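Top line first, the protein sequences correspond to chains A and B. Residues in the first sequence are numbered from 948 upward in steps of one, following my numbering. Residues in the second sequence are numbered from 948 upward in steps of one, following my numbering.
Read the hints as simulated data drawn from the structure, not as lab findings. Fair warning: this is a prediction, and the values are worked out from it, not measured in the lab. Do not rely on the hints blindly, as some may be mistaken.
Pairs involving identical chains hold if they fit within one copy or between any two copies, as the list cannot separate such chains.
[To be verified] Below 30 Å or equal to it, Euclidean Cα-Cα: the simulated DSSO-like pairs (lysine-lysine) are:
1) Lys1569 x Lys1078
2) Lys1100 x Lys1263
3) Lys1531 x Lys1078
4) Lys1531 x Lys1100
5) Lys1392 x Lys956
6) Lys1073 x Lys1032
7) Lys1263 x Lys1098
Protein chains: 2
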Amino acid sequence: MIIFQPHGKRIAAAQGETLLDAAKDAGIAVNALCGGAGLCGKCRVMVLRGERNLSPPTEAERRSLSEEDISNGFRLACQATVSGKGPIVILVPPESRAERQRLLLRGLEEKISPQPAVRELNIRLKEPSLKDVVADVDRLLRILESEVGAKVKIDYEAMIRVPHVLRRGGWRVSVVLWRDREVISVEPSPTGLYGFAVDVGTTKLAGYLVDLRSGRVAAAASMMNPQIAYGEDVITRIKFASEGEGNLRVLSRSIIEGINNLIGEACGKAHVSTREIYDVTVAGNTVMHHILLGIPPNYVALMPYPAALQSPVDVKARELGIDVNPGAYVYALPTIAGFVGGDAVADILATGIHTAEEISMLIDIGTNTEIILGDRESLIACSCASGPAFEGAHIKHGMRAISGAIEHVWIDPETLEAGYKTVDDEEARGICGSGIIDVIAEMLKAGLIDQSGRLNSEAETPRLRGDGNSAEYVVAWGDETANGHDIVVTQNDVREIQLAKAAIYTGASILMRHRGVRPNDIRRVYLAGAFGNYVDPQNAKIIGMYPDVPLERVRFVGNTAGSGARMTLLSVEARRAAEEIAGKVRYVELGADPEFQTEFLKATYLPHREPERFPSVIALLK
Amino acid sequence: MIIFQPHGKRIAAAQGETLLDAAKDAGIAVNALCGGAGLCGKCRVMVLRGERNLSPPTEAERRSLSEEDISNGFRLACQATVSGKGPIVILVPPESRAERQRLLLRGLEEKISPQPAVRELNIRLKEPSLKDVVADVDRLLRILESEVGAKVKIDYEAMIRVPHVLRRGGWRVSVVLWRDREVISVEPSPTGLYGFAVDVGTTKLAGYLVDLRSGRVAAAASMMNPQIAYGEDVITRIKFASEGEGNLRVLSRSIIEGINNLIGEACGKAHVSTREIYDVTVAGNTVMHHILLGIPPNYVALMPYPAALQSPVDVKARELGIDVNPGAYVYALPTIAGFVGGDAVADILATGIHTAEEISMLIDIGTNTEIILGDRESLIACSCASGPAFEGAHIKHGMRAISGAIEHVWIDPETLEAGYKTVDDEEARGICGSGIIDVIAEMLKAGLIDQSGRLNSEAETPRLRGDGNSAEYVVAWGDETANGHDIVVTQNDVREIQLAKAAIYTGASILMRHRGVRPNDIRRVYLAGAFGNYVDPQNAKIIGMYPDVPLERVRFVGNTAGSGARMTLLSVEARRAAEEIAGKVRYVELGADPEFQTEFLKATYLPHREPERFPSVIALLK
């Protein structure tokens, strides 16, 4: 008998069966990226009771787990087999659960009680007669006002539909109310009630079609931000927007068209009509937020880098050209500063660090990486120009985390051979952000690169070839890939990642100095980002992306910007909280920090020029 | 010394000078349509003191004035000359004052203290700095909120202009606030503050560009309702709107384009930019109101004839496509019923009959004529399908009251010769509504037609020619007209007017029965309409258009719908009153009245089949 915690699932296990198989039988998804070969180390579980009913640790386990881990009862689920008849109690820690991101985010969202901004009412009206000739619209509003107990307005587009709809519905109609203040739609029969949450990244757009009744995500879709054509980072986009009369409009249109594509795709998947989408929320960095709304972002790039708008806004979707129900509003999350936007507010909302008693650090990795540090008393934030490398740009075989992207890599330190896993287990087509982080950390551990980031062309493996700036490591041979060509990580790719991670670390480090805290004071580190399905926190630490904090305090939480956007879609209370957050966070301008340059240069090392900043990583590398 | 009342103007007059000339010298405009020839009788004044210092009544005066008039001290100003040195006190009654309509309406509007829905604030902002990086829009709204003492929203189109405007204005900007609740515009420098009031008639559109600071009408414009192409009356328009998918949109577009033309014309005249128009009010009958707003009017034509919307609405002008400042709202006056609309509400507002202690009757003559009867306790209303004859349609030489339209006609009962006055004193081009009413009343008095409306082909004048249905009376000979052709009133024209006036009288009569009042109980009759500059109340009574009420109680008040629309433009208090009026007036459905048919047939006579209904007219005709 094995009991899996925290699920509480019990299952009878056969002698010789691995814990991984038993978990599978119990319906529990445990990570097993290498397919149970004992290589990836992702299936770590903790034996709470009945250790003696399991086989002793294997060679593979001793490679993957530290002495301390083993003495603490950690095992690899793919290696430990049942050897005795007594009860075994196993804890599957969060990081070993498959589809953690989804689970975690659902968990975060479930903390809030659903209270969307829109609701549907089914109304029955009396037919007019010579004795009762109250006008159609007034007739409807009077009933609604008595229902709601307050004055109710009606959207113009909804209003002009009333006469026909009342008669088509035989004086029974479905009304969608926004914030109990405004009728935004009338239909002759009950309607689906959906919302669409959008995370507008500089490089990537992600959209979630949410059933507002159940809170369930009915479908998701993502794509490159079509604005990429006008520049890779926000500064280039601002420049483009400022250069010509109609350029802002071009940028706005391209992002709106992108969102309309996401809406179309998600609605297609879920068989939902776009007219059934009655609410839209948008989280994005300040520049994306401004461009989406058609607000000139020009001055964000100029000292003192002011945002044009911080408050949340409700704009009719039709004013923006977003293709949902014509009465629907778009709620744009508030921004914090010119370079810390609604995506950061969403991150904070999703992780709840604004209500935590202990100090947390949140790092939302993207083309601009936002870092937030603090607790419920106060929060400070900064923005780092980390560039689009983690999203696959500037990387030779970089790509988004879509089907066929290598998202996880492990390198055998003995043979220097690589193993990997692709998204959807398709043939490899390139490497996404999480894969690159893995490759560099694994190469560092295996001695294939040194701490300065230089590829060791002397390493004895056919996978490492060339030297100097043309050195590269083959992650996947051509006979395994979709297009028949080798997939490699080049010396230049490593440099790109070094710059990107240095930008992030420097921001984190300056924030810590501002707040006067040391790594050990930080009780939680949240790694967020829409660029991969799962980033290995250990590997991210090994390359020095974030301060050396004990691993059990670190969580990859995925696309928290999208998650926060979904929370504001599901709850007006979350909108109130978002507004409070936006007013509370203090922005720290890194560019104005005198130590920025020297901090940055030291941070380009792997993990850092000053080994004392990363004692646990240095110990591991030794 | 002559004193003119109620003006209180004093002037020394020379012996032999006419009162008309003396009045002119005193700057008082007295009507003198016939140019002082003693023909038109429009310059009636009353001698309050000093009768013996005037010449005795002339032959012309004895023709124009009744015995009773003369014994009451009435004189024609063009005939009475100064003959003594003693003081003379003259009363110029309202109906003898030139440009009465404008004066009267300004008077009506001045009763309300101006408090438009929009106001301009000139705001000075602090420039952002690294120590104060509040976002542009938030920065602006915070100042406004402290100014206004309440939460202030910002219009989307205004919002996206804020960053550029703040910097162009050097952090001093002009803000236009709507109802102290919403910023609808931001400009880098102070702006004109105009509003546009529209009276949307079935046949005619009239628009008024109003300076909201002074309350002054800066320019006016009018035109035929372009919807005329889709049917002459509301029923035909409803039919057209109901017949095809896009037809409502066609009708809406045509009316909006018409309004945009009026706006362009008025702005051109007054050298005002359309962007300086920050508010629009619209009064129209219910069908025009619905079509303008894009609301299907279909069900207005079906029992129980419900309006689709009674409440007043504020719709963004840009939603309707009206070409004013993009942040401006259009306020559509509330309607009363399917066939009594916002124009009737505006009429009531302008005349103030809803606050009067004594009973008033208001008749707004148009293609649909609305009649309202009552006092401050209660009001009832009906709508009469009087047709477009008073607006010049269905009349052989009918036209709108624009330059060259014959607006007044007098016929010498001895010679049967006609005199007339045209709008702007241009060469005659046709006859407008007030001219037709004059012709028929004058022909009746001169015996050129009988009470059944038949032209007397035996009359000895070359002006009357043909017989039976082809009989006609020549008002202007070809050598006096713009196109060289005679302008005539035909037998058929008389029939059209008989039907139209019968519809109106019948409505008035049924309302009186509902309310239980007789003509003498009605202390005020307001004749309203946009179809002419001035209708002669006496002649309108002679043809039997309204009940036989003493003439001094009757006033032609011109386009009160336009006047009420202007009042709601100038005062939010007037909007509140309009809403109260709309909720108070009880609609009487004439079609449901069993006596309608017989009443109507009797009313086609001139003035009526039952002479006892019009004792004063019958006395006059004898």
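A quick look at each hint next to the structure:
Taking identical chains as interchangeable, the C-alpha atoms of Lys1569 and Lys1078 are never at most 30 Å apart, the minima being 92 Å within one chain and 47 Å between chains. For the identical chains of this complex, Lys1100 and Lys1263 are neighbours both inside a copy (14 Å) and across copies (14 Å), given an alpha-carbon limit of 30 Å. Taking the closest pair of Cα atoms, Lys1531 and Lys1078 come within 30 Å of each other only across two copies (15 Å); inside a single copy the shortest separation is 58 Å, beyond that limit. Taking the closest pair of Cα atoms, Lys1531 and Lys1100 come within 30 Å of each other only across two copies (22 Å); inside a single copy the shortest separation is 33 Å, beyond that limit.
For the homomeric pair Lys1392 and Lys956, neither the shortest alpha-carbon distance inside one copy (36 Å) nor that between copies (107 Å) is at most 30 Å. Proximity of Lys1073 and Lys1032 under a CA criterion of 30 Å is satisfied in neither setting, with 72 Å inside one chain copy and 77 Å between copies. With identical chains, the CA atoms of Lys1263 and Lys1098 are at most 30 Å apart both within one copy (20 Å) and between copies (20 Å).
Violation of the numbered hints given earlier is confined to hints 1, 5, 6; the remaining hints are satisfied by the structure.
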